[in-house]
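J.: With the hints as constraints, model all of the structure from the sequences given.
Protein chains in written order, with this note's numbering: chain X, 1 to 336; chain F, 1 to 360; chain B, 1 to 258.
Bear in mind the hints are in silico, worked out from the structure with no lab data behind them.
Hints are supplied without guarantee of correctness; some may be wrong.
[Unchecked claim] With a Cα cut of at most 25 Å, we get these calculated DSS-like pairs of lysine-lysine:
{"#": "1", "chain 1": "X", "residue 1": "Lys262", "chain 2": "X", "residue 2": "Lys241"}
{"#": "2", "chain 1": "B", "residue 1": "Lys132", "chain 2": "B", "residue 2": "Lys122"}
{"#": "3", "chain 1": "X", "residue 1": "Lys131", "chain 2": "X", "residue 2": "Lys182"}
{"#": "4", "chain 1": "B", "residue 1": "Lys199", "chain 2": "B", "residue 2": "Lys184"}
{"#": "5", "chain 1": "B", "residue 1": "Lys132", "chain 2": "F", "residue 2": "Lys227"}
{"#": "6", "chain 1": "F", "residue 1": "Lys227", "chain 2": "B", "residue 2": "Lys122"}
{"#": "7", "chain 1": "F", "residue 1": "Lys227", "chain 2": "B", "residue 2": "Lys109"}
{"#": "8", "chain 1": "X", "residue 1": "Lys241", "chain 2": "F", "residue 2": "Lys69"}
{"#": "9", "chain 1": "B", "residue 1": "Lys122", "chain 2": "F", "residue 2": "Lys241"}
{"#": "10", "chain 1": "B", "residue 1": "Lys132", "chain 2": "B", "residue 2": "Lys109"}
{"#": "11", "chain 1": "F", "residue 1": "Lys69", "chain 2": "X", "residue 2": "Lys152"}
{"#": "12", "chain 1": "X", "residue 1": "Lys262", "chain 2": "X", "residue 2": "Lys332"}
{"#": "13", "chain 1": "F", "residue 1": "Lys227", "chain 2": "B", "residue 2": "Lys110"}
{"#": "14", "chain 1": "F", "residue 1": "Lys227", "chain 2": "B", "residue 2": "Lys127"}
[Unchecked claim] Beyond 12 Å from chain F on every Cβ pair, some chain B residues (computed):
{"#": "15", "residue": "Val12"}
{"#": "16", "residue": "Thr55"}
{"#": "17", "residue": "Lys70"}
{"#": "18", "residue": "Gly200"}
{"#": "19", "residue": "Asp233"}
{"#": "20", "residue": "Gly248"}
Quick reminder that beta carbons are idealized off the backbone N, C-alpha and C, glycines included.
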Amino acid sequence: MKTLLSTSAVALTVTAGAAFADTNACLITKTDTNPFFVKMKEGATAAAAEAGINLSTFAGKYDGDVETQVAAVETCIASGAKGILITPTDSRALVPVISQARDAGALVIALDTPFEPTDAADATFATDNFKAGVLIGEWAKATMGEAAADAKIALLDLNASEVSVDYQRNNGFLQGFGIDIKDPTDIGDEDDPRIVGNDVTNGSSDGGRTAMENLLQVDPDINLVYTINEPAAAGAYEALKSFGKEEGVLIVSVDGGCPGVKDIGAGVIGATSMQFPLLMASKGIEAIKTFVETGEKPQNSEGLDFFNTGVELITDTPVDGVPSLSSEDGLKKCWG
Amino acid sequence: MSENGSSASVGQDFEKKLDESDKSIASFNVKATSPFERIQHVLHNNPTLVPVIVLMLSLVVFGLIAGGKFFSAFNLSLILQQVSIIGILAAAQSLIIITAGIDLSVAAIMVLMSVVMGNLAVFMGVPTVLALFVGMAGGVGAGLMNGWFITRIKLPPFITTLGTWSIFYALLLWLSGAQSIRGQDIDTNAPFLKFFGESFNIGGARITLSAILMILVFLALWYMLNKTAWGRHVYAIGDDKEAAELSGIRTDRTLLSVYGLAGFICALGGWASIGRVGSISPQSFYEGNLDSITAVVIGGISLFGGRGSIMGALFGALIVGVFRSGLRLSGVDVLWQVFAIGWLIIIAVAIDQWIRRVSA
Amino acid sequence: MNTPVVQARGIVKRYGHVTAIDSSDFELRPGEILAVIGDNGAGKSSIVKAICGATIPDAGEILIEGKPVKFSSPIEAREMGIEIVYQNLALSPALSIADNMFTGRELRKKGFLGNVLRMLDKPAMEKFAREKLTELGLMTVQSIKQPVETLSGGQRQGVAVARAAAFATKFIIMDEPTAALGVKESRKVLELIKDVRAKGIPIILISHNMPHVFEVADRIHIHRLGKRLCTIDPKDYTMSDAVAFMTGAKEPPAKDLA
Chain X
1 MKTLLSTSAV ALTVTAGAAF ADTNACLITK TDTNPFFVKM KEGATAAAAE
51 AGINLSTFAG KYDGDVETQV AAVETCIASG AKGILITPTD SRALVPVISQ
101 ARDAGALVIA LDTPFEPTDA ADATFATDNF KAGVLIGEWA KATMGEAAAD
151 AKIALLDLNA SEVSVDYQRN NGFLQGFGID IKDPTDIGDE DDPRIVGNDV
201 TNGSSDGGRT AMENLLQVDP DINLVYTINE PAAAGAYEAL KSFGKEEGVL
251 IVSVDGGCPG VKDIGAGVIG ATSMQFPLLM ASKGIEAIKT FVETGEKPQN
301 SEGLDFFNTG VELITDTPVD GVPSLSSEDG LKKCWG
Chain F
1 MSENGSSASV GQDFEKKLDE SDKSIASFNV KATSPFERIQ HVLHNNPTLV
51 PVIVLMLSLV VFGLIAGGKF FSAFNLSLIL QQVSIIGILA AAQSLIIITA
101 GIDLSVAAIM VLMSVVMGNL AVFMGVPTVL ALFVGMAGGV GAGLMNGWFI
151 TRIKLPPFIT TLGTWSIFYA LLLWLSGAQS IRGQDIDTNA PFLKFFGESF
201 NIGGARITLS AILMILVFLA LWYMLNKTAW GRHVYAIGDD KEAAELSGIR
251 TDRTLLSVYG LAGFICALGG WASIGRVGSI SPQSFYEGNL DSITAVVIGG
301 ISLFGGRGSI MGALFGALIV GVFRSGLRLS GVDVLWQVFA IGWLIIIAVA
351 IDQWIRRVSA
Chain B
1 MNTPVVQARG IVKRYGHVTA IDSSDFELRP GEILAVIGDN GAGKSSIVKA
51 ICGATIPDAG EILIEGKPVK FSSPIEAREM GIEIVYQNLA LSPALSIADN
101 MFTGRELRKK GFLGNVLRML DKPAMEKFAR EKLTELGLMT VQSIKQPVET
151 LSGGQRQGVA VARAAAFATK FIIMDEPTAA LGVKESRKVL ELIKDVRAKG
201 IPIILISHNM PHVFEVADRI HIHRLGKRLC TIDPKDYTMS DAVAFMTGAK
251 EPPAKDLA
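T.: Structure (structure tokens):
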């Protein structure tokens, strides 16, 4: 057995590029529960099969499950993986084990969530979440027109720990809408009177509903609702409906999951910024392939410290100056 | 004791001496002397008193701080509505905690069964009533599975439900593909699934059927626990399982029924949650297990079993809801809401320990 | 002579190589208090457990009032009217005195409430409990609804004995009823045992406490090396004799031998 293995390893170095079936790679996601990561896994698995790479997949048990991810990276190092695609569940805590992996010769690519510092990984393939927020903010401002000056805004965020995705989307939205965001990494430090308040949803429908109800109690005249993701948006819509206010309130969101895109078509959500987990995954696999073949590492997008996998605004009521796709077109690109 | 101790050394004489002493063996006098002890006794006999007082106090305090926005019929009915699902889970959880067990799988059973009902009724065209029936039966089955491991394989409830939590959660992700069923699809194909989302207005209050369901579940359990032999057995088992067994209770059978019933209540909660959330999302109520335990503990039900009234859990759930709403309307950051709930739990358990010391 | 309440012959119980009961006999007569004494490990608990179904003997026969029985659990024995007062009392501390007396045999209301809604007849149970406690002179109870954990050790023992006395139709087994009690409370429990006998219910009393045994017992069953050594009348012997027989320091006279 041992001889067999070492022989193939030698063969690999000699005929690099021809024997991809012997190239091991890993995909480590935050959880197996979020459709975003489920889709990412599907994309990676498909791309790996095509490229002839052996892909092992791992996932944390819950968001923030550092231990499981650390163990997964260690397993990957031990199995001699050439590349590791990871969505770090904690931007800082995973840095040491990631440097070990790089020392062991693996190409490490952060997907979706950057490390801190970003260059802890060889590359980062992610959505520009701030940009995603800006798009829906601009769209909302243009849609409301003059009414935007006295909008009443509810912000439905993720959770109390204010992770990067949370503040980037939230503050991107506010900036796009034309509000001074002060500290770009802090949620809730704004003093614009148009903001009614923030509440957390845990990114789920039940959380979205309760948070919306709470904010409606603070101010029943809310007419613009930002939501961290589409399940939270669906919950917020239910709350508005139960208050008899589903008409005339604009809901915007970020994600681009298929149920969310359908909700655009049904008029539940006004606009959403779609991100591309499949693309992150397939680009990641591609990069590993290139790395094994040529030793070349992927480059960042211009002006960013990561490779931007793109955002598209999806809405059925497009506005001037903000390019968008219809929900019908969006359904062809949506994930999950 | 000391006077007897000295005469005992003399020999058998003490027996005679004692013949003259008081023959009534049980003079059940309660010697509650200090007012402190008296309070302790009152609380001991009425375990729901603490949560009721806390609930009333918090209503008054938040009414003063947050004003009319908080203390309106509408907001209070909204709180009732917001706690209804966790309240139903807390009812199931209390039942199990009274037997000195714990169920970490309640929320997983609930969401799993809502997904089962949704998949059947929305996507597979099964008549809604049949889908509901399958979901309820599934809930009972899931509960009995927990009960079976606990009574037959003798696994501790914590371990068993820690395991089944993962198992049910995995099944739920598999069945749903980690994907929500949209509210609009439910409206078109199986609107009856949202039955408990219906509401009606009384005065300024909006009462949803899910809130009524929660209250009915609590009343029914209160009756069963306090007015039937089964309920007395549930308490006896939680108090001292061995003693219950020796005094003729078929403890395993009773425990099995408790877990089965809890599973049923969870499935019922699953149905109600569809109305409340409006869609069926596998990600919802991920913290439902802990939220339900929080409600139970704040409600003064002892985690050591055998003590506390089921109604406490209802008040516990309401207290959490009142705190969340009150702090929110007072403009307090989410962080400090979490902080406050944490203190509530600690204080509730401390009070429970203090009350238990009454027997010493 | 009346038929013995319990008549056991040739009871054998082995656990692997250990013989806990070595072909022992046992006899309880109507209306008597039979004390069972023996050194630690002599097997006195084993023989009593075999009689009430807590252990199932490998061989031998047990007759209750002349009829052969084979119990598979103490619950079955209980259904025949055999009550056991366990050393740990088997009470549920948080439940009331009344609830405890009726655990496992609660009374339900008549009609719809009881049959369909399974509602307990609490007033009836409380009345019964109060009567039974009064009968045994235990009734200075403030509230029959008081949780058992608020009672003293002796009071709890009283409740356990009253429960047994209330439901026993054949006999009562008491396992070390005074072991955990102070002198004064032991005293009261002994009175209580005599009161129960006065009601005509025979009692098997397992105890280590020689003065207590000699005070209340009508006969003493001395267990040694897994079997009944002899049965003596406490009036004919001293405590030292009993201890000597029990430990093997002295041979009992032939007339008393088993």
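J.: The structure should be examined with respect to each hint, and the outcome stated for every one.
T.: Do the hints match the structure? See the list:
{"no.": "1", "hint": "Lys262(X) with Lys241(X)", "result": "holds (18 Å)"}
{"no.": "2", "hint": "Lys132(B) with Lys122(B)", "result": "holds (15 Å)"}
{"no.": "3", "hint": "Lys131(X) with Lys182(X)", "result": "holds (17 Å)"}
{"no.": "4", "hint": "Lys199(B) with Lys184(B)", "result": "holds (23 Å)"}
{"no.": "5", "hint": "Lys132(B) with Lys227(F)", "result": "holds (22 Å)"}
{"no.": "6", "hint": "Lys227(F) with Lys122(B)", "result": "holds (8 Å)"}
{"no.": "7", "hint": "Lys227(F) with Lys109(B)", "result": "holds (10 Å)"}
{"no.": "8", "hint": "Lys241(X) with Lys69(F)", "result": "holds (20 Å)"}
{"no.": "9", "hint": "Lys122(B) with Lys241(F)", "result": "holds (23 Å)"}
{"no.": "10", "hint": "Lys132(B) with Lys109(B)", "result": "holds (20 Å)"}
{"no.": "11", "hint": "Lys69(F) with Lys152(X)", "result": "holds (18 Å)"}
{"no.": "12", "hint": "Lys262(X) with Lys332(X)", "result": "holds (11 Å)"}
{"no.": "13", "hint": "Lys227(F) with Lys110(B)", "result": "holds (14 Å)"}
{"no.": "14", "hint": "Lys227(F) with Lys127(B)", "result": "holds (17 Å)"}
{"no.": "15", "hint": "Val12", "result": "holds (25 Å)"}
{"no.": "16", "hint": "Thr55", "result": "holds (14 Å)"}
{"no.": "17", "hint": "Lys70", "result": "holds (19 Å)"}
{"no.": "18", "hint": "Gly200", "result": "holds (20 Å)"}
{"no.": "19", "hint": "Asp233", "result": "holds (19 Å)"}
{"no.": "20", "hint": "Gly248", "result": "holds (25 Å)"}
In this structure, every one of the numbered hints holds.
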